[in-house]
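Asker: Read off the chains here:
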Amino acid sequence: MDTKILIEVEQLYRYYGHHLAVDAISFELSQGEVLGFLGPNGAGKSTTMQMITGNLAPSAGRITINGIDLLDRPRLAKAEIGYLPEQPPVYVDLTVDEYLLYCAKLHRVSSRQRGKAMARAKQRCGLEQVSRRLIGNLSKGYQQRVGIAQAILHDPTVVILDEPTVGLDPNQIRDIRGLIRELGEHHGIILSTHILPEVQATCSRVQIINRGKLVFSETMQSLEKQLTSQILVLETRAPLNTDTLLQIDGVDNIETLTDHRVRMHFTGANPAGTIAACVATQEWGLVELALDRQTLEQVFVDLTCSEQSTGKEVAA
Amino acid sequence: MVWTIAARELKNLFLSPLAWAILAVLQLIIAYLFLTQLDTYMLLQPRLAGIEGAPGVTDIVAAPLLQTVGFLLLLIAPAITMRVFSDEKRNRTLSLLLSAPVSMTDIVVGKFLGVTLFFFLLLLMLMAMPLSLSAGTSLDLGKLAAGVLGLALLFASFAAIGVFMSSLTEQPVVAAVSTFGLLLLLWIIDWTGGGEAQVSELFRYLSLQSHLQSFLKGLFSSADVAYYLLLITTFLILGIRRLDQQRLTG
Numbered sequence: 001m002d003t004k005i006l007i008e009v010e011q012l013y014r015y016y017g018h019h020l021a022v023d024a025i026s027f028e029l030s031q032g033e034v035l036g037f038l039g040p041n042g043a044g045k046s047t048t049m050q051m052i053t054g055n056l057a058p059s060a061g062r063i064t065i066n067g068i069d070l071l072d073r074p075r076l077a078k079a080e081i082g083y084l085p086e087q088p089p090v091y092v093d094l095t096v097d098e099y100l101l102y103c104a105k106l107h108r109v110s111s112r113q114r115g116k117a118m119a120r121a122k123q124r125c126g127l128e129q130v131s132r133r134l135i136g137n138l139s140k141g142y143q144q145r146v147g148i149a150q151a152i153l154h155d156p157t158v159v160i161l162d163e164p165t166v167g168l169d170p171n172q173i174r175d176i177r178g179l180i181r182e183l184g185e186h187h188g189i190i191l192s193t194h195i196l197p198e199v200q201a202t203c204s205r206v207q208i209i210n211r212g213k214l215v216f217s218e219t220m221q222s223l224e225k226q227l228t229s230q231i232l233v234l235e236t237r238a239p240l241n242t243d244t245l246l247q248i249d250g251v252d253n254i255e256t257l258t259d260h261r262v263r264m265h266f267t268g269a270n271p272a273g274t275i276a277a278c279v280a281t282q283e284w285g286l287v288e289l290a291l292d293r294q295t296l297e298q299v300f301v302d303l304t305c306s307e308q309s310t311g312k313e314v315a316a
Numbered sequence: 317m318v319w320t321i322a323a324r325e326l327k328n329l330f331l332s333p334l335a336w337a338i339l340a341v342l343q344l345i346i347a348y349l350f351l352t353q354l355d356t357y358m359l360l361q362p363r364l365a366g367i368e369g370a371p372g373v374t375d376i377v378a379a380p381l382l383q384t385v386g387f388l389l390l391l392i393a394p395a396i397t398m399r400v401f402s403d404e405k406r407n408r409t410l411s412l413l414l415s416a417p418v419s420m421t422d423i424v425v426g427k428f429l430g431v432t433l434f435f436f437l438l439l440l441m442l443m444a445m446p447l448s449l450s451a452g453t454s455l456d457l458g459k460l461a462a463g464v465l466g467l468a469l470l471f472a473s474f475a476a477i478g479v480f481m482s483s484l485t486e487q488p489v490v491a492a493v494s495t496f497g498l499l500l501l502l503w504i505i506d507w508t509g510g511g512e513a514q515v516s517e518l519f520r521y522l523s524l525q526s527h528l529q530s531f532l533k534g535l536f537s538s539a540d541v542a543y544y545l546l547l548i549t550t551f552l553i554l555g556i557r558r559l560d561q562q563r564l565t566g
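If you read the protein sequences in the order shown, they are chains A and B. Counting in our numbering, the first sequence runs from 1 upward without gaps. Counting in our numbering, the second sequence runs from 317 upward without gaps.
These are calculated hints, taken from the structure and not from any lab test. Just so you know, not all the hints are guaranteed correct.
As a list, the in silico DSSO-like pairs of lysine-lysine whose alpha-carbon atoms are at most 27 Å apart [claimed, not checked]:
1. B:Lys459 / B:Lys533
2. A:Lys213 / A:Lys225
3. A:Lys105 / A:Lys140
4. A:Lys105 / B:Lys533
5. A:Lys105 / A:Lys116
6. A:Lys140 / A:Lys4
7. B:Lys327 / A:Lys116
8. A:Lys4 / A:Lys213
9. B:Lys327 / A:Lys105
10. A:Lys140 / B:Lys405
11. B:Lys327 / A:Lys140
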């Protein structure tokens with residue numbers, strides 16, 4: 001697959017008065033990538049997105065979109081972007097069709113292609129049934145979908161979505177995630193969210209921002225590898241004998257949690273089968289034997305909470 | 317691109333009942349004034365007939381009418397312009413324009429043109445009244461045209477000032493009040509207690525109203541045209557700067 005770099009962000013800074021909201025963030029986004037932005041509230045996710053889309057000017061740094069410098073040639077660069085802000089920028093007095101037509105004109109979609117572009121965006125976001133309704137009368141979920149339709153209407157190379165699934169019901173969330181994955185095949189996508197499973201379901205790369213700094217950036221694949229740890233948790237009805245367990249091939253180390261529960265670190269292939277057999281012969285009564293998976297949530301909490309506490313110590 | 321934004325702005329105005337209400341109310345008031353003015357003329361006419369070079373129907377009916385239209389719009393323009401930017405900021409729809417491939421100039425000029433077109437429409441409807449006189453008498457069309465041009469420039473200035481004021485705040489009412497304040501100040505700035513002689517030249521130049529007077533007398537003076545154009549350009553540039561500055565400060 002062609003891996004053209006669509007967004008290049010270099011040493012981006014943003015101050016609000018004396019408050020540093022974005023601190024030296026640099027990253028790249030290639031074609032065919034879905035990049036998930038994670039971070040606690042006020043971490044600088046939205047600010048970063050607003051800067052990439054030209055809604056805010058950075059205090060310092062460079063943003064290049066599909067090879068075009070955003071600050072030097074904003075008009076050309078903005079034509080490559082579709083953006084859904086935190087609050088969908090919809091006019092409540094317009095019907096869905098009127099609104100999308102206006103957006104198409106603003107994005108210079110040629111008059112011959114407008115109809116086709118609008119029909120495709122409506123179909124992708126499931127808006128065909130509400131074309132002629134006033135946006136103000138639609139539910140929050142539909143308004144959100146109108147916002148997404150607006151962002152993908154002009155077939156931009158980069159789509160930036162700030163919390164796209166807020167206010168949607170579980171079915172719609174599934175649809176939108178499917179849409180994001182589908183778009184991700186040909187476009188570059190950045191999405192921010194608080195919902196961690198969403199990142200695991202849709203993204204090919206994850207970045208965690210905390211207090212304006214990029215603290216974590218991994219592809220989903222290497223993250224998966226990191227998350228599947230080499231630890232088994234075993235619980236039995238009868239008290240355990242750790243010495244017997246240590247005899248098993250591959251088990252290096254055992255932490256005793258209670259008399260009945262242990263954590264076993266292993267190397268190489270998963271020794272769960274041998275362990276189960278051992279438990280059976282010893283007649284301990286197996287209650288639980290499972291891989292102790294580290295979740296993305298743990299990574300998130302580790303990175304964002306520890307940073308915050310060290311920050312406080314420094315301040316004190 | 318400018319026209320796309322202008323057309324949207326104009327259509328948006330007609331989506332709310334406010335624009336329709338303003339058109340209807342103004343039409344009613346001006347019609348009443350037009351009729352009283354006409355009455356005055358009917359009373360004066362026998363006496364005027366004997367005088368050489370006496371003022372005609374255009375001077376007695378149309379000119380005062382245009383003057384009143386100008387002042388009435390000063391009261392009403394803020395209600396139209398107040399929403400232009402403050403509503404967009406409040407509903408967070410401004411980011412649609414900011415992330416679209418259009419420049420700040422396109423946005424501000426587009427909004428300005430949309431509002432100005434609405435004012436022109438209003439002017440056109442009101443002008444139907446004095447023009448209807450031409451069915452029964454002959455009008456001084458040149459004088460009337462000068463008056464209409466003066467009013468058009470005045471209305472465009474109202475629009476430019478209103479659009480700028482609206483970009484300053486998220487509250488439409490604050491935008492309306494401050495627009496009204498500034499317009500009224502510019503209208504009365506050359507009024508002083510001591511009569512004509514005491515007015516400073518600067519204040520007289522700044523007055524929105526004094527420049528309108530010569531147009532209403534049928535005088536097309538490039539100095540007056542330049543005044544309005546300068547005023548419009550100044551406030552449009554201020555509006556563009558304001559939007560740019562908001563991108564910097566957030």
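Asker: Would you mind confirming whether the straight-line C-alpha gap from Lys327 of chain B to Lys105 of chain A stays at or under 27 Å?
Answerer: Satisfied, since the Cα-Cα distance of roughly 15 Å is no more than 27 Å.
Asker: Is Lys4 of chain A within 27 Å of Lys213 of chain A, Cα to Cα?
Answerer: 26 Å, holds
Asker: Check the hint pairing Lys105 of chain A with Lys140 of chain A against an upper bound of 27 Å on the C-alpha distance.
Answerer: Measuring from Cα to Cα gives roughly 25 Å; hence the hint holds.
Asker: Does the alpha-carbon distance linking Lys213 of chain A and Lys225 of chain A stay inside the 27 Å limit?
Answerer: 24 Å, holds
Asker: Taken at face value, is the distance from the CA of Lys533 of chain B to the CA of Lys105 of chain A at most 27 Å?
Answerer: Roughly 44 Å separates the two Cα atoms, so the pair is violated.
Asker: Just to be careful, I want the Cα atoms of Lys327 of chain B and Lys116 of chain A compared with a cutoff of 27 Å; is the pair within it?
Answerer: 24 Å, holds
Asker: Is Lys140 of chain A within 27 Å of Lys405 of chain B, Cα to Cα?
Answerer: Distance ~19 Å between Lys140 of chain A and Lys405 of chain B Cα, so the pair holds.
Asker: Does the alpha-carbon distance linking Lys105 of chain A and Lys116 of chain A stay inside the 27 Å limit?
Answerer: 13 Å, holds
Asker: Given the hint that Lys140 of chain A pairs with Lys4 of chain A, test it: the Cα-Cα distance must not exceed 27 Å.
Answerer: 36 Å, violated
Asker: Are Lys459 of chain B and Lys533 of chain B close enough, with their CA atoms no more than 27 Å apart?
Answerer: 7 Å, holds
Asker: Quick one, are Lys327 of chain B and Lys140 of chain A close enough, alpha carbons at most 27 Å?
Answerer: 25 Å, holds
In the structure shown, a violation is registered for the earlier hints numbered 4 and 6, in ascending order.
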